[in-house]
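Peer 1: All chains should be modelled from the sequences, with the hints used to inform the complete structure.
Just so you know, the sequences run in chain order A and B. The first sequence begins at 0 in numbering that gives the first Met the number 0 and counts up by one. The second sequence begins at 0 in numbering that gives the first Met the number 0 and counts up by one.
In short, the hints are calculated from the structure, not lab data. Keep in mind that a hint or two might mislead.
[Unchecked claim] Taking CB as the label site, the calculated pair distances span:
{"hint": "1", "chain 1": "A", "residue 1": "Arg262", "chain 2": "B", "residue 2": "Lys379", "range": "49 to 57 Å"}
{"hint": "2", "chain 1": "B", "residue 1": "Leu189", "chain 2": "A", "residue 2": "Arg262", "range": "42 to 50 Å"}
{"hint": "3", "chain 1": "B", "residue 1": "Pro168", "chain 2": "A", "residue 2": "Lys216", "range": "54 to 62 Å"}
{"hint": "4", "chain 1": "A", "residue 1": "Gln183", "chain 2": "B", "residue 2": "Ala73", "range": "46 to 54 Å"}
Yeah, the Cβ is synthetic: ideal placement off N, Cα and C, and Gly gets one too.
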Amino acid sequence: MSDSVAMLLRRAGFGPTASELDAAKKAGYAATVAKLISPRGPDVAASLAPIPNLGPDPFIGSPMGQQRAAAVAKRRQQTSQIVRWWLDRMTVADHQATEKLVFFWHGHWATSIEKVSSPQQMMAQHMKFRDSPDFRVMARSLVTNPALIWWLDGQTNTKKAPNENLARELMELFMLGIGHYTEQDVKEAGRALTGWKLETRYPDAGVFLPQYHDTGKKTILGTTANFDALGLVDFLAKRPQCARFIASRLWFRYASSTEPIPRSTLDKMASAYPSTTSMLRTLFLDAEFRSGRYQLVKQPVEWLVGAMRQLRMRPTRLPEASTQRLLGGLESLGQVLFSPPSVGGWPSGVAWLTSSAAQVRLTMAQVIAEAAQPHRMTVEELANLLAVETWTDRTYSALKQASAPQHLLALGLVSPEYLVS
Amino acid sequence: MDALTRRRFLRRSGVAAGAALVVGAGGGFGLAELLATAEKGPDVVARDEDKLVIVTLYGGNDGLNTVIPYADPAYHAARPELAYAPEDVLHLNESLGLSPGLSGLKRLWNEERLAVVLGVGYPKPDRSHFRSMDIWQTAAPAAPVATGWVGRWLDGTNASPEAAVSFEPVLPPLLAGSTRAGACVTINALQLPSGIKKEMISALGKTQQDEPELQARAAKAFHDFLWVDQLVREAEKAEPSTEASELTYVPGTGTGGDSLLATQLALVSRCIEAGVPTRVYSVSLGGFDTHADERPAQERLLKQLDDGLSGFMDRLAKTEAGRRVTVVVYSEFGRRVRANASDGTDHGTAGPVFVLGSGVAGGLYGEQPSLTDLDDGDLKATTDFRDVFGTLLGSVLHADPAQYISNHQFKLLPLFGAPK
Numbered sequence: 000m001s002d003s004v005a006m007l008l009r010r011a012g013f014g015p016t017a018s019e020l021d022a023a024k025k026a027g028y029a030a031t032v033a034k035l036i037s038p039r040g041p042d043v044a045a046s047l048a049p050i051p052n053l054g055p056d057p058f059i060g061s062p063m064g065q066q067r068a069a070a071v072a073k074r075r076q077q078t079s080q081i082v083r084w085w086l087d088r089m090t091v092a093d094h095q096a097t098e099k100l101v102f103f104w105h106g107h108w109a110t111s112i113e114k115v116s117s118p119q120q121m122m123a124q125h126m127k128f129r130d131s132p133d134f135r136v137m138a139r140s141l142v143t144n145p146a147l148i149w150w151l152d153g154q155t156n157t158k159k160a161p162n163e164n165l166a167r168e169l170m171e172l173f174m175l176g177i178g179h180y181t182e183q184d185v186k187e188a189g190r191a192l193t194g195w196k197l198e199t200r201y202p203d204a205g206v207f208l209p210q211y212h213d214t215g216k217k218t219i220l221g222t223t224a225n226f227d228a229l230g231l232v233d234f235l236a237k238r239p240q241c242a243r244f245i246a247s248r249l250w251f252r253y254a255s256s257t258e259p260i261p262r263s264t265l266d267k268m269a270s271a272y273p274s275t276t277s278m279l280r281t282l283f284l285d286a287e288f289r290s291g292r293y294q295l296v297k298q299p300v301e302w303l304v305g306a307m308r309q310l311r312m313r314p315t316r317l318p319e320a321s322t323q324r325l326l327g328g329l330e331s332l333g334q335v336l337f338s339p340p341s342v343g344g345w346p347s348g349v350a351w352l353t354s355s356a357a358q359v360r361l362t363m364a365q366v367i368a369e370a371a372q373p374h375r376m377t378v379e380e381l382a383n384l385l386a387v388e389t390w391t392d393r394t395y396s397a398l399k400q401a402s403a404p405q406h407l408l409a410l411g412l413v414s415p416e417y418l419v420s
Numbered sequence: 000m001d002a003l004t005r006r007r008f009l010r011r012s013g014v015a016a017g018a019a020l021v022v023g024a025g026g027g028f029g030l031a032e033l034l035a036t037a038e039k040g041p042d043v044v045a046r047d048e049d050k051l052v053i054v055t056l057y058g059g060n061d062g063l064n065t066v067i068p069y070a071d072p073a074y075h076a077a078r079p080e081l082a083y084a085p086e087d088v089l090h091l092n093e094s095l096g097l098s099p100g101l102s103g104l105k106r107l108w109n110e111e112r113l114a115v116v117l118g119v120g121y122p123k124p125d126r127s128h129f130r131s132m133d134i135w136q137t138a139a140p141a142a143p144v145a146t147g148w149v150g151r152w153l154d155g156t157n158a159s160p161e162a163a164v165s166f167e168p169v170l171p172p173l174l175a176g177s178t179r180a181g182a183c184v185t186i187n188a189l190q191l192p193s194g195i196k197k198e199m200i201s202a203l204g205k206t207q208q209d210e211p212e213l214q215a216r217a218a219k220a221f222h223d224f225l226w227v228d229q230l231v232r233e234a235e236k237a238e239p240s241t242e243a244s245e246l247t248y249v250p251g252t253g254t255g256g257d258s259l260l261a262t263q264l265a266l267v268s269r270c271i272e273a274g275v276p277t278r279v280y281s282v283s284l285g286g287f288d289t290h291a292d293e294r295p296a297q298e299r300l301l302k303q304l305d306d307g308l309s310g311f312m313d314r315l316a317k318t319e320a321g322r323r324v325t326v327v328v329y330s331e332f333g334r335r336v337r338a339n340a341s342d343g344t345d346h347g348t349a350g351p352v353f354v355l356g357s358g359v360a361g362g363l364y365g366e367q368p369s370l371t372d373l374d375d376g377d378l379k380a381t382t383d384f385r386d387v388f389g390t391l392l393g394s395v396l397h398a399d400p401a402q403y404i405s406n407h408q409f410k411l412l413p414l415f416g417a418p419k
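Peer 2: This is the structure in C-alpha cells:
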C-alpha cells in the first residue's frame with residue numbers, strides 16, 4: 000500500500016516539499032484533496048512570478064527589412080521570456096493543483112510556438128487555460144482563439160476551400176476521441192468552422208468574416224443544423240462521449256498512462272463534467288486512484304519543477320549558465336514549454352525512459368545538485384527531501400557509494416524511484 | 000578467446016544482443032555478454048549485417064555549389080561572385096560537376112560507388128531550419144509528428160538499445176520512436192558528472208524483483224546506456240581483423256586536426272569491423288548556414304565532409320562487413336539560387352542527396368531542377384526525399400517503407416540495382 004497522501008501530492012502538483020508533505024499528512028487525505036481542489040484565497044506565492052506583459056506583437060504593421068529582423072529578434076526574446084516565466088511560476092506557486100492542471104491543458108490542446116510564432120498569441124491561449132471555469136467554456140474560447148486557429152490552418156478554411164484540419168483535431172484529440180465520429184462528420188464540422196481569420200493586433204480573439212463562412216445546413220453526428228464554430232463546440236461538448244473522453248485523458252495524465260481507466264471511475268468522473276476540478280476531485284477520492292497501483296513517469300518539466308520546489312530553488316534564478324543548461328536539457332529531453340512536438344502533445348511513460356534521456360537527466364541533476372549545495376545527509380533524509388517513500392536495495396546501494404552530498408543528491412534525482420510516481 | 004574468433008562470433012550473434020541485455024541485467028557489461036548468447040540462424044544474420052550510416056549536414060547546404068550546373072548560363076548569372084568557373088568543377092557529365100572540395104567523392108564517383116540524387120525536397124518547402132530538419136527526420140512534411148522514421152522502425156521491430164546509435168552530442172529526432180530511441184554515445188567515452196562513478200550508475204541500472212514495470216524500465220535505461228557505451232569502447236579497443244589490419248586507424252578521439260565528422264566516422268568503422276550489432280548510425284557535420292561569404296566557408300566544410308567520407312568509404316571497402324554499409328548524406332534544404340548582397344545565400348529548397356556504398360549503383364538519379372523555372376526564386380524539387388529514405392528502409396533495413404513513412408505514394412529508386 001502506498002503512502003497515498005504523498006502520492007496524491009506528487010501527482011496533483013509538481014513535487015511536494017518536505018514541509019508540505021508533513022502538513023498534508025497531519026491534515027489527512029480528504030482535507031488535502033479539498034485544499035488542492037479549492038485552495039483558499041489568491042495564490043500569494045505565485046505573485047512572485049507575475050504574468051509577463053509582453054506589449055504589442057512586434058509584427059504588427061508587417062515590418063520589412065531591418066525592422067523585420069528586429070521583430071524576429073524581439074519575438075525570440077519574448078519566447079524565451081514566457082518559457083522562463085512559466086517554469087518559474089510552476090515552481091513558486093502554492094496552488095499546485097491549479098498549475099498542474101494548466102500544464103495538463105497545454106498538453107491537451109497542444110499548440111506550438113514553433114508554428115504559431117507569436118508569443119502574444121501563445122500567452123493569450125495560456126490565459127484561456129487559466130481562466131476557463133469549465134471545459135465547455137474552454138472549448139468555446141479556444142476554437143476561436145488565434146493560436147489554435149493558426150496552428151491548425153483554420154484561417155485558410157473558407158466556404159470555397161474548406162479545410163478540415165481543425166475540425167478533425169477537435170473531434171479526434173480535443174473533444175471526442177478517435178472512433179466516435181466519421182470522416183463525413185469531420186467534413187461537415189470543417190464547414191461549420193469556416194470564416195475565422197486572424198490579425199496580429201488581436202492576439203486574444205480571432206476575427207469572424209461572414210463572407211467566408213458557410214451558412215448552409217450541416218449534418219454532424221446525426222444532427223442537422225446550421226452549425227457555426229461556437230454551435231459546433233457547444234454541440235460536441237454536450238455529447239456524453241466528450242465527458243468520458245476528458246475523464247480518460249485526466250486519468251491518463253494523473254493516474255496511469257498504461258492502464259485504461261476503470262469503468263466505475265470513468266462513470267463517476269464523467270458525471271462531474273464539465274467542471275474539470277470536480278472531475279479531478281472525483282478522481283483523487285476514487286479508490287482506484289488511491290490504491291496507488293497505477294504508475295506514471297514524470298515528464299521532464301514535472302521532474303525539473305518538482306526538484307526545484309523540493310530544493311527551494313527557482314529554475315530561472317540560478318546563475319545564467321546553469322539556467323541555460325537546464326533549459327537545454329529540457330530541449331534535449333524533448334519537452335520545451337509552448338513547443339509540444341505535435342498536435343498530439345507530449346509522449347508518456349516509457350518514451351521518457353530511454354538511455355539517452357537517462358544521460359541528459361544525469362547532466363541536469365548535476366547542474367541542480369551543484370547549485371543546491373546540499374548539506375551532508377543520510378539516504379533516509381534524502382528520501383524525505385525528495386518525497387520518495389522508500390529506496391529499493393538497488394538505489395540504496397548506489398546512494399551508499401556517493402561520497403559528497405551533491406553526488407548523493409544527483410543520484411537521488413535520477414533514481415528510478417524518483418522518476419516514477 | 001583471441002580477437003579474431005571473438006569478432007567472428009560477435010558477427011554471427013547479431014541481433015541476439017537484445018536477449019543479452021535482459022540476461023545480463025544484473026551482471027557486468029561488455030562483449031562477454033554477447034559471447035554467452037545463442038547464435039541466430041544464418042539468414043537472419045546475413046540480412047542484419049546490412050547497415051546504414053546517416054550523415055546530417057546541419058544548416059542547409061548550398062546544393063548548387065555542391066553539385067554544380069556549371070554549363071548553365073543561368074547559374075553564373077544568378078550568383079556571379081559565388082559561381083565556380085567550369086574549369087574548376089570536377090565534371091560528372093557535360094552539365095554537372097562536383098565542388099572542387101569534393102575530390103575524394105569524385106574518385107568514388109569514378110569507381111561507381113557514389114549515387115547522386117538530384118533536386119531532392121518535399122512539397123510546400125519550409126524555410127525554417129528547425130521545421131525543415133524536423134520534416135526530413137520525421138519524414139512527415141504535412142504536420143509535425145513526434146517520432147523520427149528510424150525511431151518508428153525501432154518501435155516496429157522491437158529493436159534492442161544498440162540497434163541505432165548516434166555519435167552526435169544530442170539524440171536527433173530521427174532516432175526517437177514512441178517507445179524506443181537510439182542510444183546517444185559521446186565520442187570521447189562516457190562523460191559522467193564528476194564524482195559520479197560508473198559503479199553507481201551500474202548499481203542504479205539493476206532491476207529489482209517485483210518492482211513496478213515503469214520503475215524497472217527507468218533502471219534499465221542506465222543499464223542500456225552503459226551497455227552501448229561499453230560496446231562502442233570495446234569495439235574501439237578491439238584489434239583490427241586480418242582483413243583490415245594493414246589499414247592505419249584514425250585515432251578514436253579528436254586529435255590533431257581531424258574533423259569531428261572524421262572522428263565520428265572512425266568510431267563507426269571500428270564498430271562495424273568489430274561486429275557491433277548496430278544497424279543504423281547517425282553522425283553529423285554542422286555549419287552550413289552560409290548567409291555571408293559563402294564560398295570559402297562552404298568549401299572548407301565540404302572538404303571536411305570529403306576527407307571524412309572518402310577515408311571512411313575506403314576503409315569500409317576493405318572488409319566484408321564494411322562492404323555491406325550504405326551511407327546517405329542530406330541537409331534540411333538547399334539555398335536560394337540567387338546570391339544575396341553579402342556573397343552568401345539565404346534559405347532555399349531542394350538539393351542533392353548522396354548515397355554511397357560498395358553495393359550502391361553509382362550514377363545520377365532524378366532530374367536536375369531548372370534554374371529558370373523557379374518557385375518564387377527557389378528550385379522546384381524533382382524527387383521527394385521520402386522516396387530516398389523509403390528506398391533505404393526497403394533495401395538496407397529490409398523493412399516495408401509504407402510501414403514507417405505514411406501518407407506517401409512511393410516511387411522507389413533503383414539505387415541498389417545494376418549500374419546505370
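Peer 1: Against this structure, judge whether each hint is valid.
Peer 2: Verification of the hints:
no.: 1; hint: A:Arg262 to B:Lys379: 49 to 57 Å; verdict: 55 Å, holds
no.: 2; hint: B:Leu189 to A:Arg262: 42 to 50 Å; verdict: 47 Å, holds
no.: 3; hint: B:Pro168 to A:Lys216: 54 to 62 Å; verdict: 57 Å, holds
no.: 4; hint: A:Gln183 to B:Ala73: 46 to 54 Å; verdict: 49 Å, holds
In this structure, none of the earlier numbered hints is contradicted; all agree with it.
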